[in-house]
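A.B. asks: So the chains spell out like this:
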Amino acid sequence: MHIIDRRLNPGGKSFANRQRFLRRARAQVRKAVREASSQRSIKDAGKGGEVSIPAGGVHEPTLRRAAQGGMRDYVLPGNKKYIEGDTIPRPEGGAGDGSRASDSGEGEDEFRFALSDEEYLDLYLEDLELPDLAKRQIAGAEALQWRQAGFSTAGPPSRLSVPRTLRHSLSRRIALKRPKAGDVQRLREEIEKLEREGGRFDDLQGLRAELEEMLRRSRRIPYIDPVDVRYRRVESTPKPIAKAVMFCLMDVSGSMNEHMKDLAKRFYSLLYLFLDRRYEHVDVVFIRHTHEAQEVDEHTFFYSRETGGTVVSTALFKMEEIVRERYPIDQWNIYAAQASDGDNTSSDNPVVLQQLRDAILPICQYYAYVEVGMDDEEEPPGGAESSTNLWRAYRRVSTDSPFAMRRVRHRRDIYPVFRELFARRPEGAEAA
Amino acid sequence: MTATAPAPKLLFSGPDWDFDLIKRVHEACGEVGIREMGLDPYPNQIEVITTEQMLDAYASTGMPLFYRHWSFGKHFARNEALYRKGYQGLAYEIVINSNPCIVYIMEENSATMQTLVIAHAGYGHSHFFKNNYVFKQWTDADGILDYLEFARGFIAKCEERYGQEQVERVIDAAHALQSHGIHRYPRKRMPDLRSEERREEERRRHGEQLFNDLWRTVPAGQKKKADKDGEARRKALLGLPEENLLYFLEKTAPRLQPWQREILRIVRLINQYFYPQRQTKVMNEGCATFAHHRIMTRLHEKGQLNDGAFLEFLHSHTSVVLQPAFDDRRYSGINPYALGFAMCADIERVCVTPTEEDREWMPDIAGNGDAYGALREIWANYRDESFISQFLSPRVMRDFGFFRVLDDEDEEDMSVAAIHDERGYRKIRRALSKRYDIAYQDPEIQIVDVDLAGDRKLILQHRVMDGIVLEEADAERVLQHAADLWGYDVKLIEVDDGGVEFAEHNASPRRVFG
Chain P
1 MHIIDRRLNP GGKSFANRQR FLRRARAQVR KAVREASSQR SIKDAGKGGE VSIPAGGVHE
61 PTLRRAAQGG MRDYVLPGNK KYIEGDTIPR PEGGAGDGSR ASDSGEGEDE FRFALSDEEY
121 LDLYLEDLEL PDLAKRQIAG AEALQWRQAG FSTAGPPSRL SVPRTLRHSL SRRIALKRPK
181 AGDVQRLREE IEKLEREGGR FDDLQGLRAE LEEMLRRSRR IPYIDPVDVR YRRVESTPKP
241 IAKAVMFCLM DVSGSMNEHM KDLAKRFYSL LYLFLDRRYE HVDVVFIRHT HEAQEVDEHT
301 FFYSRETGGT VVSTALFKME EIVRERYPID QWNIYAAQAS DGDNTSSDNP VVLQQLRDAI
361 LPICQYYAYV EVGMDDEEEP PGGAESSTNL WRAYRRVSTD SPFAMRRVRH RRDIYPVFRE
421 LFARRPEGAE AA
Chain B
1 MTATAPAPKL LFSGPDWDFD LIKRVHEACG EVGIREMGLD PYPNQIEVIT TEQMLDAYAS
61 TGMPLFYRHW SFGKHFARNE ALYRKGYQGL AYEIVINSNP CIVYIMEENS ATMQTLVIAH
121 AGYGHSHFFK NNYVFKQWTD ADGILDYLEF ARGFIAKCEE RYGQEQVERV IDAAHALQSH
181 GIHRYPRKRM PDLRSEERRE EERRRHGEQL FNDLWRTVPA GQKKKADKDG EARRKALLGL
241 PEENLLYFLE KTAPRLQPWQ REILRIVRLI NQYFYPQRQT KVMNEGCATF AHHRIMTRLH
301 EKGQLNDGAF LEFLHSHTSV VLQPAFDDRR YSGINPYALG FAMCADIERV CVTPTEEDRE
361 WMPDIAGNGD AYGALREIWA NYRDESFISQ FLSPRVMRDF GFFRVLDDED EEDMSVAAIH
421 DERGYRKIRR ALSKRYDIAY QDPEIQIVDV DLAGDRKLIL QHRVMDGIVL EEADAERVLQ
481 HAADLWGYDV KLIEVDDGGV EFAEHNASPR RVFG
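Protein sequences appear in the order of chains P and B.
Taking my numbering, the leading residue of the first sequence gets 1, the next gets one more, and so forth.
Taking my numbering, the leading residue of the second sequence gets 1, the next gets one more, and so forth.
Hints were generated in silico from the structure; no laboratory data involved.
Keep in mind that a hint or two might mislead.
Covered stretches of chain B (chain P as the covering partner; in silico rule of three or more C-beta atoms under 8 Å from a C-beta of chain P) [stated by the list, open to error]:
id, region
1, 17-24
2, 40-47
3, 95-101
4, 128-138
5, 231-238
6, 350-359
7, 465-472
Listing some non-contacts, in silico: residues in chain B with all C-beta distances to chain P over 12 Å [claimed, not checked]:
id, residue
8, E80
9, A81
10, G122
11, Q164
12, H175
13, L177
14, H183
15, E201
16, R203
17, T297
18, D307
19, R430
20, D449
21, G487
BS3-like cross-link-like pairs, simulated, lysine-lysine; straight-line CA separation at most 27 Å [unchecked claim]:
id, chain 1, residue 1, chain 2, residue 2
22, P, K80, B, K130
23, B, K491, B, K251
24, P, K81, B, K434
25, B, K427, P, K81
26, B, K157, B, K281
27, B, K457, B, K235
28, B, K491, B, K130
29, B, K427, B, K457
30, B, K281, B, K130
31, B, K427, B, K251
32, P, K193, P, K180
33, P, K31, B, K85
34, P, K80, B, K434
35, P, K31, P, K265
36, P, K265, P, K318
Every residue gets a Cβ at the ideal spot worked out from N, C-alpha and C, and that includes glycine.
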C-alpha cells in the first residue's frame with residue numbers, strides 16, 4: 001500500500017474548464033452581472049459573488065424519457081397505510097412520485113454559481129475605456145520595452161549566439177591558416193601508405209615533419225577561441241505611456257438629499273473602480289463643493305458629511321488651480337466627471353458657463369456631467385425636460401466640445417449611464 | 001469489550017491522524033477484511049487531498065485526470081456553489097477502479113472517518129471492482145489511467161490545431177449522444193479470411209450435393225424480391241440495426257475528419273468504462289457498506305477501536321444508510337447504500353439464522369453457515385437487476401415498506417398494485433428489479449436504416465414502451481447534434497411494438513463538420 005500526499009499539488013485543476021464554461025455562457029453571465037450590480041451596496045461594487053443565469057444556455061441535452069405520460073410503474077419505500085387496490089390522487093404537477101424529476105437534476109430554471117472578484121470585474125467593466133487618451137510621453141521606469149539590439153562580447157550563456165560565434169571562429173581559423181581536419185587525415189593516410197609499401201625514407205621523414213607541424217598548429221590555434229564568442233544583446237527602451245488624471249467633482253450641498261448623494265457616490269465608486277482596475281497611471285482627484293470647494297481624499301469623499309450652500313463654479317476654479325499646480329497640460333490627459341442635483345445659485349450660472357468654456361473644456365479630453373434626481377420625479381409630458389438651473393446652463397455648451405451630460409434617477413440607471421459615458425467607441429467617432 | 005482488551009492495542013484515540021496511523025489502520029482493516037471476510041482487493045494507493053481538490057475530482061467524474069470541456073466547469077461551479085453555501089456536504093472518499101486502486105481521502109476527516117473510508121473504499125469497493133463479472137468483462141483497470149492521459153493529450157492537441165470552438169462542437173455532440181454510445185453486449189467478432197473460406201467451401205459442397213439438373217427446366221417466377229434483398233444486404237453491410245449511435249457515427253459518418261472520429265471514440269470508450277458502475281450501483285455500495293460495517297465492528301470487538309470512535313462511526317454509518325419514506329421531504333429515490341446494505345446484511349442473516357420463510361425463498365443459501373462465502377459468490381456473479389430479483393427477501397421488503405404504484409395516464413388516480421404482503425412480494429421484487437435494469441431504464445433507440453441511394457437520410461427508431469415517449473425538447477437538440485455529425489438529414493421515429501407511431505422528429509445539419 002502506498003500513501004501519497006496530494007495536498008500540496010497545484011490546485012485549480014478545473015480552472016481551464018471553468019474558463020471554457022464562462023466563455024460559453026459569457027453573454028448570459030454578463031447580463032446577470034450587470035443586473036446584479038444595482039442590488040449591491042457601494043462597498044461590494046467590486047466584489048465577486050453569486051450570479052444566476054438561465055439554465056437553457058448551458059443545458060446538456062440527452063436522450064431520455066419524458067417525465068410524464070404513459071403507463072408508469074413505481075416502487076416506493078415507507079408504506080404505512082396503503083393496501084393493494086387503494087387509489088392515490090395524482091400529486092400536483094403530475095410528476096408522479098417526484099423521484100424522477102429530482103433524480104435527473106432537471107426542472108430547474110436557473111443555474112446558480114459564484115464568480116470570483118476577478119471574473120466579476122472583467123465582465124462588469126468589459127468594453128469600457130477612457131476616450132481620447134491622446135497625450136503620451138515617457139514616464140518613469142515602469143514601462144520598458146526590450147528589444148534585440150545586435151551582438152555583444154559578454155552576456156549570460158543563455159543568450160549565446162551559436163551562428164555568430166561559429167562565423168567568427170571560421171574566419172579566424174582561415175586567417176590564421178589552421179590546418180583542416182581533412183588535410184591532417186589525408187597526410188596521415190599517405191604516411192601509412194608509404195610505411196606499408198616501404199617508400200623512400202626521406203619522403204617519409206619529410207611527411208612526418210609536415211604532420212608534426214600541422215598538429216602543432218592546430219593545437220596552438222583553438223577551434224573556438226574566447227574572442228569568437230558572441231551574445232545576443234537586448235536593449236531596453238522606455239515606452240511612452242499615457243498619464244491621465246480624473247477629477248471627480250461632487251456637489252454635497254444641503255439640497256442634495258440622501259438618495260441623490262447615494263446615486264452620486266455610486267457613480268463615482270464605479271468610476272473609481274474602473275480607473276483603478278484598467279489604468280495603472282491614472283490619478284484621481286476628489287473635489288467636493290458646497291459654496292466653497294475642497295480637495296479631499298478618497299475616504300472623506302465617499303464617507304464624510306458636509307453641508308452648505310451651492311456655488312458650482314468654486315469646484316471648477318479649484319480644478320483649474322490644481323491642474324495649474326500639479327498637472328501640466330502638455331503631459332497629462334485630463335478628465336472630469338461632475339455630479340450634482342442641478343441646483344446652483346442663479347447668479348453663479350454665467351460664471352460656471354464661462355469658466356467651463358474658457359478654462360476647463362479646452363484642457364479636458366472629456367468632461368461628463370451626471371445629474372442626479374429624485375426617483376419619483378416624473379418626466380413632464382411632451383418631452384420638455386424639467387430642467388434645472390445647471391442643466392439649462394450646460395445645454396448651451398457647444399456640441400463640438402468633448403462634453404456629455406446624462407440624468408440619473410434610480411440606482412438601476414447608474415450602470416447603463418456609466419456604460420454610455422465610457423463605452424469604447426469605434427475609431428474616429430466623436431465623443432459627444 | 002474494553003475490559004477484556006488491553007489499551008495498547010488501540011489503533012488511535014482522538015481525532016488526529018498521521019501517515020503512520022493510516023498505515024496501521026490499513027493493516028488492521030486488512031486483517032479483518034482479508035483474513036476473516038476473505039476479500040480480495042487490488043493493492044491500494046491512498047491519496048490525501050484537500051476540499052478544493054475533492055471539488056476538482058467531482059467535476060471530472062472522480063477521475064484524476066480528464067480532457068477539458070466546459071461542461072466539467074459547469075459541474076464544478078454548481079458543486080462549489082452548493083458546497084460553499086452548505087447545501088451539500090462532500091463525499092468522504094472517492095475510489096477509482098484502477099489497478100492499483102486509487103482511494104482519495106480528505107485531509108479534514110477524523111481518524112475514525114479515515115478508518116471507515118479505508119475499510120469502505122480500500123476493501124469494499126476494491127474487492128467488488130476486482131471480482132465482479134461486469135467489471136471484469138467491460139473495464140480494463142490496468143489501462144484506464146493511461147488511456148485518460150492519452151485522451152487529454154489528444155484533445156488538447158486538437159484544440160491547438162483546429163481551435164477550441166471546433167473541438168468543443170464535436171465534444172458537445174458526442175456528450176449529447178453518450179448515453180447511447182455503449183456496447184451492451186460483447187460484439188460478434190468479424191470473421192477472418194480463413195473461416196470465410198471454409199464457409200464458402202461448405203456452402204459449395206452443399207450446393208453440389210443438392211444439385212439436380214431438373215430444377216433448371218422449371219420455369220422461374222418473376223423476381224420480386226430484389227428490393228427486399230437489396231435492403232437486407234444494405235443493412236447487413238452497415239451492420240444495422242445498431243444501438244450504439246456513437247459507434248455507428250464514428251465508423252460510418254461520411255464527412256467526419258479522422259480527428260473528429262477519434263474524439264467520438266474517446267468519449268465512447270470512457271463512457272463504456274463507466275457502464276458497469278451504472279449496472280451495479282446498489283451491489284457496489286452494498287458490498288462496500290457491508291464491508292466497512294463488518295470491519296469496524298470487528299475492530300471494536302477486538303479492542304482496536306474505543307467506544308467513542310465506534311459511536312462516531314455508527315453515527316455516520318446510520319446517516320449513510322438512511323432511507324427516507326416516500327412522503328418524507330428528504331426522499332429522492334431509493335438510497336442504494338440503504339438497499340444494498342440491508343440486502344447484504346439480510347443474506348448474512350439468512351445464511352446463519354434462517355427462518356422458515358427464508359428456507360422457502362432462498363433454499364440455496366439458507367442456513368449454510370458460510371455467510372461470507374455466499375456473499376463473495378453473489379458479489380462476483382450478479383448485477384443490480386439480477387441481484388434484486390434473486391435475493392430481495394420478504395423480510396427486507398417489509399422493513400422498507402415497499403409498495404408498488406401504477407400511474408396510468410388514462411386513469412383518474414394512481415393505484416396501489418402491490419404491497420409488502422404474501423400476494424405482493426413477487427410483484428414488488430419483479431418491478432423493483434426492472435427499475436435497476438439499464439436496458440429498461442434507458443430509452444431503446446436504434447439506427448434502423450440509411451437511405452444510401454437517395455438523400456442519405458439516417459433513420460433512427462425509438463421503441464416506445466408503456467407509452468412513454470422521449471422528452472421532446474431534449475430529443476430535438478440531441479438529434480440536431482446527430483445530424484451535425486452525420487452531415488445529412490436525420491429522422492427519429494417513435495413507435496411501439498404494435499406499430500403505433502407516437503412522434504417523429506427531424507433535423508438537418510447546421511454547419512457541416514470537416
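A.B. asks: Work down the list of hints and note, for each, if the structure agrees.
C.D. replies: Consistency of the hints with the structure:
1. 17-24: holds (count 3)
2. 40-47: Coverage by chain P holds here, the residue count being 5 at a Cβ distance below 8 Å.
3. 95-101: violated (count 1)
4. 128-138: violated (count 0)
5. 231-238: violated (count 0)
6. 350-359: n = 0 at 8 Å, threshold three: violated.
7. 465-472: holds (count 7)
8. E80: E80/B not clear of chain P: closest Cβ-Cβ about 6 Å, inside 12 Å.
9. A81: violated (5 Å)
10. G122: violated (8 Å)
11. Q164: At roughly 7 Å from the nearest Cβ of chain P, Q164/B sits no farther out than 12 Å, so the non-interface label is violated.
12. H175: violated (6 Å)
13. L177: violated (8 Å)
14. H183: holds (17 Å)
15. E201: For E201/B, whose nearest Cβ neighbour in chain P is about 45 Å away, the distance exceeds 12 Å, so it holds.
16. R203: R203/B is indeed farther than 12 Å from all Cβ atoms of chain P, at 41 Å.
17. T297: Consistent with the label, T297/B stays out of reach of chain P, its closest Cβ about 22 Å off (over 12 Å).
18. D307: Nearest chain P Cβ is 27 Å from D307/B, so the label holds.
19. R430: violated (10 Å)
20. D449: Holds: least Cβ distance 18 Å, greater than 12 Å.
21. G487: Fine: 20 Å to the nearest Cβ keeps G487/B off the interface.
22. K80/P / K130/B: Violated, because 40 Å separates the two Cα atoms, which is more than 27 Å.
23. K491/B / K251/B: holds (19 Å)
24. K81/P / K434/B: holds (25 Å)
25. K427/B / K81/P: The given pair, whose Cα atoms are some 19 Å apart, holds under the 27 Å limit.
26. K157/B / K281/B: violated (35 Å)
27. K457/B / K235/B: holds (14 Å)
28. K491/B / K130/B: Between K491/B and K130/B the Cα gap is close to 42 Å, so the pair fails against 27 Å, i.e. violated.
29. K427/B / K457/B: violated (43 Å)
30. K281/B / K130/B: Given pair K281/B, K130/B holds - Cα atoms ~15 Å apart, limit 27 Å.
31. K427/B / K251/B: Judged against 27 Å, a Cα distance of about 43 Å means the pair is violated.
32. K193/P / K180/P: OK: K193/P and K180/P at ~20 Å, within 27 Å.
33. K31/P / K85/B: holds (23 Å)
34. K80/P / K434/B: holds (24 Å)
35. K31/P / K265/P: holds (23 Å)
36. K265/P / K318/P: holds (20 Å)
Consistency note: the structure conflicts with the earlier hints numbered 3, 4, 5, 6, 8, 9, 10, 11, 12, 13, 19, 22, 26, 28, 29, 31.
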